[in-house]
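Trainee: Assemble the whole structure, with the sequences as input and the hints as a guide.
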Amino acid sequence: MNKICYLLCFSLFFLYSCKGTKTANTTKVKKLSAEKVIANHYNRSFNFETLNARIKVKYDDGKRGVSPTATLRIEKDKVIWVSVKMLGITLAKALITPDKVSYYEKIENSHFEGDFQLLSEWLGTDLDFDKVQQLLLGQALFNLREDKYKTSIDEGSYLLKPKTDFVLFERLFLVDPGNFKMAEQKLKQPAENRDLSIKYQGYQKIGNQDFPKRIIIEAVEGDDTTIIDVEYRAVDYNARVSFPFKIPSGSKEISI
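Its first residue numbered 86, the sequence shown is counted upward by one per residue in the working numbering.
Think of the hints as simulated: they come from the structure by calculation, not from any bench.
Be aware that a few hints might be false.
[Unchecked claim] Below are the BS3-like pairs computed for lysine-lysine, each with C-alpha atoms no more than 30 Å apart in a straight line:
hint: 1; residue 1: Lys163; residue 2: Lys337
hint: 2; residue 1: Lys248; residue 2: Lys233
hint: 3; residue 1: Lys191; residue 2: Lys148
hint: 4; residue 1: Lys246; residue 2: Lys113
hint: 5; residue 1: Lys121; residue 2: Lys246
hint: 6; residue 1: Lys246; residue 2: Lys235
hint: 7; residue 1: Lys121; residue 2: Lys143
hint: 8; residue 1: Lys143; residue 2: Lys273
hint: 9; residue 1: Lys290; residue 2: Lys170
hint: 10; residue 1: Lys191; residue 2: Lys290
hint: 11; residue 1: Lys115; residue 2: Lys331
hint: 12; residue 1: Lys115; residue 2: Lys273
Mentor: Shown next, in the form of structure tokens:
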């Protein structure tokens, strides 16, 4: 498991941290119903067909820390592609589709092809293509329209909490009142001693739309903490993109 955590930080999702700080919100927040907050959240979804971004990643699992650059490309609802480099040398690539997760890395000459089970176990919550895509775009991991929520104002953000208490699984969503994008998502599994926090530290205008500037994720399981900090350095959308991916000959397959 430790051997592939290095790759997973680039292949998906990028992203965690308890050390992040929220931007102060001095504007008085207007009270809105949960239904209105949720409707505004989806109305402000980033509209695109393709995405091409250059990102800076900082990864720390308490045992190792790395800080590579990477290229992230997305074809909406179809493909997520990541190429990781250090000193201009490609170290790893990941290709994610709704059906499969594939990646290879050159340091140990290994590769993996399979479903989302490994990533789900790593982050402590069920993942699929849609959740990964939404995470990267500043949208809620879960479909907020499927449950009933109550809303309150917490530290200048709208706090959405399910009306039904889930004993085994807790989730909270903080929504930025300025753009109705996610400010933070918190998922907890008390029985498993697992916590997942996804914080969005600022948004930037891409075209006339709001897009994350920095995403920090902190995944805690027992005494182990993994932090991934992703900063978008340049973002372009609706340009022609390609997704070159070929597992090198002689690469060893990792079985999970």
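Trainee: So, for every hint listed, does it hold in this structure?
Mentor: Quick rundown of the hints versus the structure:
1. Lys163 with Lys337: Holds - the C-alpha atoms of Lys337 and Lys163 are around 27 Å apart, at most 30 Å.
2. Lys248 with Lys233: holds, 6 Å
3. Lys191 with Lys148: holds, 20 Å
4. Lys246 with Lys113: The given pair, whose Cα atoms are some 21 Å apart, holds under the 30 Å limit.
5. Lys121 with Lys246: holds, 14 Å
6. Lys246 with Lys235: Cα-Cα ~5 Å, so holds.
7. Lys121 with Lys143: violated, 36 Å
8. Lys143 with Lys273: holds, 23 Å
9. Lys290 with Lys170: holds, 26 Å
10. Lys191 with Lys290: violated, 36 Å
11. Lys115 with Lys331: Cα-Cα ~51 Å, so violated.
12. Lys115 with Lys273: holds, 28 Å
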